[in-house]
Amino acid sequence: MKYPMQSYFKSAILCDTVMVDVNIWILLLTGFVAGILGAMLGIGGGVIIVPALTIVLGVPIHYAIGNSLVAIVANALTSTGIYIKNRMANLKLGLLLSCTLVPGAVVGAFLSSILPGSILAVFFAALLIYVAFNIYPLRKHGNTTGEFKMLTDTCEKEHDGNAWLDESYYDPALHEELRYRVHRQDLGLITGFFGGCVSSLLGIGGGIINVPVMNMVMKVPIKATIATSSLLLCFTTMAGSIVYAFRGLVLPNLMAPLTVGIYIGARTGTVIVRRIQGVWLQRMFAVILIVTAITMVLKVCRVY
Amino acid sequence: MQHERMSPTHLKNHSLNRTLSSILSFGVAFIMIVIAAGLILYSFKGINEVERLVPLPSLLGKLIELSPSALITTGLVIMLLLPQVVLLVSLIHFIAEGQKKPAVISAVLLTMVIVSAVLLFVMK
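These protein sequence lines are chains B and D, in that order.
For the first sequence, my numbering begins at 1 and goes up steadily by one.
For the second sequence, my numbering begins at 305 and goes up steadily by one.
Treat the hints loosely; a few may be bogus.
As the list claims (entries may be wrong) - Computed from the model, here is a short list of chain D residues facing chain B with C-beta under 10 Å:
1. SER325
2. ILE327
3. LEU343
4. SER347
5. GLU355
6. SER362
7. ALA374
8. LEU375
9. ILE376
10. LEU386
11. PRO387
12. SER394
13. GLY402
14. SER410
15. VAL412
16. VAL419
If you are wondering where the hints come from, they were derived from the structure by calculation, not from laboratory data.
Please read these numbers as outputs of a predicted model, since none were measured by experiment.
Glycine is no exception: its CB is placed at the ideal position from the N, C-alpha and C atoms.
Same shape as in the complex, but just chain B:
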């Protein structure tokens, strides 16, 4: 089937029966913004990409999710490479949590055909708003390094001797090496399974769940949390991407500009994370949680 095209920079493609306008500049910009936010908050960027593709470009939702998943993998790989180099990502913690996240995602994919997604989405949106209010730091500057150490020392009794997960990283914003201990691994693993389930059921990135769990339950500092969440996304979104690609729901002319934009954005985002104070990242994350909650409710109301 042939379509008269002016050029690739502003053209149209056919998704099923829907004609979609492809504007390379919008796709590059979407990828860039999603890359910055995704790398800065460890969420991948699907929260930005899916609404942008569906609302702005009119891409059918399944194609939007497919291309978004591939872009998230690109984002996760780019930012993880940099975070691992800076020792911010906790590799062992990432591998451990993935052990329950990945099966959780598979179970969620199975359940998606049984459970009513709309009711779940409303409950989950309420939960996200609750988490957003809890993760939002009320103090102006958050915890200093000394206070953070005291905080971790008070949790010493909870630490069950599994020191193999403990890590440290250099925080340029604090000009200090920050050592931390990972607490409540059992709870993290259980929540990870349900997080994987819910992310698959509702088609959202796992980062929205991983970040609060690691930061609030496992007491991992926010920057290490974000870096480790990027690592987790590599494994959790990869399987989904393969399925969408095999189904023919990943279109090269949508995916390519998104991926290039996200690569540049992710590299920029990782630089900002090193410079910015953790408290601002927590605030931004709280805002993103609320935006995600609203997006989910809009989805249920079939606004897009």
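With chain B held as given, fit chain D onto it using these hints.
Here is chain D on its own, set in the frame of chain B:
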């Protein structure tokens, strides 16, 4: 400077971090070059028909023809293989260093990632 403060285990893991970081950085850079090349070819040729990802059996033939979608498909395939490479390298490192727990976890995760991909593909 930071190395002086690290314990022996941290130093061992630091070498793994460097290896993984190099693999990811070079891997992603290569993927981006391939995808950007496809994007540039698109801009020259324009899109005259609905473009889809190229099926794997015919990928090599299309690559020789310098098809933009074949280039982008190649980038995608490498991108989706990178996480497995990360797991495999971690597994080998942990086994070599005698770190049992992380080695077992890496092996389990590698198996699960492959199995889950197959499962999801089967039930698609």
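Which earlier hints can't be squared with this structure? Hint check: 6 and 13 fail, others pass.
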